Amino acid sequence: MCCMYYRYSLVVNGVETTNLHKRLILTFLLVFGGKSGFIIGGFVITTILVSMWTNAVRTAAIVLPIAMEAIQHIQDNRLFHVLELRTRYLHRSAGIGTPIMEAHFLIEGGVLIPDVIRILSEFFTVKKGLLIGISYSAVLGSMGSVVGCGGNLFVKAFMEQIYDYRKITIYRWVQCHLPLTVLRSFLLWFVLSVCYASDVVSSDHISKRAFEDVIYRRFAELGTVTYTEVATLITLICMGVAIFASYHYAEVVETEFEDSFFSDNVCVCLAAMVMFMLPQIKESRRRERKSTGKQERMLSFQQAVRGISWAFVITMGAGVCVAELIMRYSLQQFFDWMLPHHAVSSTMLLQLFVGFVGLVLAEINNSLNNIIIFAPLLGHMSDAVRVHPMYFIMPFAICSYFGFMTPTATPVSEYVTDYGDLQDDEFILPGIAMKIGCGLIVMLAYNTWCWDYLYLKEYLAPVSRQNRSSIDTNF
8 MCCMYYRYSL VVNGVETTNL HKRLILTFLL VFGGKSGFII GGFVITTILV SMWTNAVRTA
68 AIVLPIAMEA IQHIQDNRLF HVLELRTRYL HRSAGIGTPI MEAHFLIEGG VLIPDVIRIL
128 SEFFTVKKGL LIGISYSAVL GSMGSVVGCG GNLFVKAFME QIYDYRKITI YRWVQCHLPL
188 TVLRSFLLWF VLSVCYASDV VSSDHISKRA FEDVIYRRFA ELGTVTYTEV ATLITLICMG
248 VAIFASYHYA EVVETEFEDS FFSDNVCVCL AAMVMFMLPQ IKESRRRERK STGKQERMLS
308 FQQAVRGISW AFVITMGAGV CVAELIMRYS LQQFFDWMLP HHAVSSTMLL QLFVGFVGLV
368 LAEINNSLNN IIIFAPLLGH MSDAVRVHPM YFIMPFAICS YFGFMTPTAT PVSEYVTDYG
428 DLQDDEFILP GIAMKIGCGL IVMLAYNTWC WDYLYLKEYL APVSRQNRSS IDTNF
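So that you can map any letter, position 389 of the sequence shown is 396 in the working numbering, and since no number is skipped, the others follow by simple counting.
Incorrect hints may appear among the rest.
[Said to hold, decoys possible] Here are the in silico distance ranges between beta carbons for each label pair:
# : residue 1 : residue 2 : range
1 : 458       : 234       : 39 to 49 Å
2 : 128       : 351       : 47 to 57 Å
3 : 338       : 432       : 35 to 45 Å
[Said to hold, decoys possible] Capping the alpha-carbon separation at 27 Å, the derived lysine-lysine pairs in BS3-like fashion look like this:
# : residue 1 : residue 2
4 : 135       : 442
5 : 464       : 174
6 : 135       : 215
Calculated from the structure, these hints are not laboratory results.
Small disclaimer: the values here were computed from a predicted structure and weren't measured.
Where a beta carbon is used, it is the ideal one built from N, C-alpha and C, also for glycine.
Generate coordinates for the entire structure from the input sequences, incorporating the hints supplied.
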């Protein structure tokens with residue numbers, strides 16, 4: 008699993024080195040947010056799509072400045088439109104009557120315009136909603152792929168090491184959790200519409216034109232599309248097509264996708280190798296390259312090493328080792344008295360209880376730490392009630408990400424709070440709505456379509472017990 012993380016880190020590092028991710032973000036914003044009346048929704052959708060494949064904090068760090076600049080530009084254009092209509096009737100000696108005048112100068116001059124006060128107040132509300140929306144959407148998007156966050160990779164490694172369960176792949180995870188992501192996106196849009204409703208960012212040409220001005224200005228800062236960006240984009244497309252095609256090829260030949268030669272690990276590894284071989288072509292260095300005959304590579308080994316989170320690698324590796332020791336020596340039985348399966352017989356009620364515990368712990372502790380600590384206990388509980396361990400582990404893992412009520416629950420919320428100077432109580436109301444809604448959506452998913460996609464119908468015992476039973480059968 009660490010090898011999978013290394014390979015994918017190389018791919019992400021290659022994308023970030025070429026600034027392709029910034030160009031893709033601007034393109035998504037122009038496609039989704041450029042539509043009239045859907046500017047805030049465009050930022051939410053873009054953040055979800057990008058954070059599925061890259062680090063959530065980095066995604067928020069790129070999207071937030073663009074969002075704040077766009078909202079500020081829309082506000083300035085709307086204020087200018089109001090002032091242009093109103094100030095033609097004002098005659099003051101200090102330049103108050105000029106059509107181009109900032110709102111705070113007008114207020115300081117003693118002329119209070121109700122429309123200006125209303126616009127400033129409503130834009131302040133919209134900015135808060137946009138900050139919280141980007142924070143939530145970055146967290147929701149990281150659950151959409153197996154490489155989106157560390158907890159997903161740990162669940163994959165835990166199931167492979169302890170249960171020899173190799174059904175979790177990039178393709179199957181997206182196939183299973185993409186409907187979840189869509190439902191949670193609609194829920195987030197509804198919560199933002201209710202809690203931060205305003206008509207200042209409306210469907211008129213002023214908002215749309217101001218938004219497009221900001222996006223095109225950002226495109227101009229990136230410059231023209233380079234050769235390495237095109238080559239990297241083609242490599243990513245080929246990697247996605249290869250993963251999709253290899254999965255269906257394995258179905259045709261009736262073999263396990265995880266055991267086939269062209270698995271998702273192989274596809275990601277080949278994409279990383281291609282990115283390491285791509286040359287870095289720049290206009291200023293063409294003459295130097297012609298004279299020396301050398302080409303600078305787009306990626307270097309030093310850059311790749313710096314891009315890997317070694318703290319995460321150590322934490323995940325140690326967590327898998329500790330979990331394997333606990334399961335091998337049945338140490339989880341010491342906590343058997345704490346588990347609720349003795350008092351509750353219904354597996355669905357047990358799943359609801361497990362999800363509730365995950366929602367509570369999401370506000371207290373890091374999601375990866377919660378999953379590492381409780382995965383062996385949930386495996387023991389699933390073994391006691393004879394259900395598939397993923398039936399308890401996955402709802403708990405996903406609910407552990409829903410730290411929506413406090414600004415310190417997730418790294419993304421901490422970053423957004425510092426960036427936008429938000430107050431602690433501003434997360435409570437939308438956080439409660441998101442936690443309840445997302446928790447119910449997860450329970451619905453793992454009792455309907457996820458039940459079939461992840462093969463949860465059959466009971467699965469730990470590998471040590473499977474080996475022991477096979478030995479007894481042979482004797």
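Evaluated hints:
no.: 1; hint: 458 <-> 234: 39 to 49 Å; in the structure: holds, 47 Å
no.: 2; hint: 128 <-> 351: 47 to 57 Å; in the structure: holds, 49 Å
no.: 3; hint: 338 <-> 432: 35 to 45 Å; in the structure: holds, 41 Å
no.: 4; hint: 135 <-> 442; in the structure: holds, 19 Å
no.: 5; hint: 464 <-> 174; in the structure: holds, 13 Å
no.: 6; hint: 135 <-> 215; in the structure: holds, 20 Å
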